[in-house]
Amino acid sequence: MADGHLPEAIDIFKLNVKNYPDSGNTYDSLGEAYMRSGQKQLATDCYKKSLEKDPSNSNARRKLEELGEHQAEPR
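Take the sequence shown: its position 69, counting from 1, is numbered 1561 in my numbering, and each next residue is one higher.
Possibly wrong hints are sitting among the right ones.
Unchecked claim - Derived EDC-like pairs (lysine to aspartate or glutamate); straight-line CA-CA distance at most 16 Å:
(1) Lys1532 <-> Asp1514
(2) Lys1506 <-> Asp1537
(3) Lys1545 <-> Asp1503
(4) Lys1540 <-> Glu1500
(5) Lys1510 <-> Asp1495
(6) Lys1540 <-> Glu1557
(7) Lys1541 <-> Glu1500
(8) Lys1540 <-> Glu1561
(9) Lys1545 <-> Glu1558
Since the hints were derived computationally from the structure, they do not count as laboratory data.
Use the sequences and the hints to build the structure in full.
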């Protein structure tokens, strides 16, 4: 992803999500790739899913705020 291979990164992160659907980190990574590629709605969806899987994911919470979404703090 750092070398500008966003389509390839998205494909790899999609595969990670498929193989590890209960991991908040996989959705967080896919969200980052979508965000960098300008696909804001898909990024938002991934970050929300990441928070569902891991409510303590502060990175996903920050990224959602950057995308204009506001999430409740974890309990």
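Tested hints:
{"no.": "1", "hint": "Lys1532 <-> Asp1514", "result": "violated (22 Å)"}
{"no.": "2", "hint": "Lys1506 <-> Asp1537", "result": "holds (13 Å)"}
{"no.": "3", "hint": "Lys1545 <-> Asp1503", "result": "violated (21 Å)"}
{"no.": "4", "hint": "Lys1540 <-> Glu1500", "result": "violated (22 Å)"}
{"no.": "5", "hint": "Lys1510 <-> Asp1495", "result": "violated (24 Å)"}
{"no.": "6", "hint": "Lys1540 <-> Glu1557", "result": "holds (11 Å)"}
{"no.": "7", "hint": "Lys1541 <-> Glu1500", "result": "violated (21 Å)"}
{"no.": "8", "hint": "Lys1540 <-> Glu1561", "result": "holds (9 Å)"}
{"no.": "9", "hint": "Lys1545 <-> Glu1558", "result": "violated (20 Å)"}
Hints 1, 3, 4, 5, 7, 9 from the earlier list are contradicted by this structure; the remaining hints agree with it.
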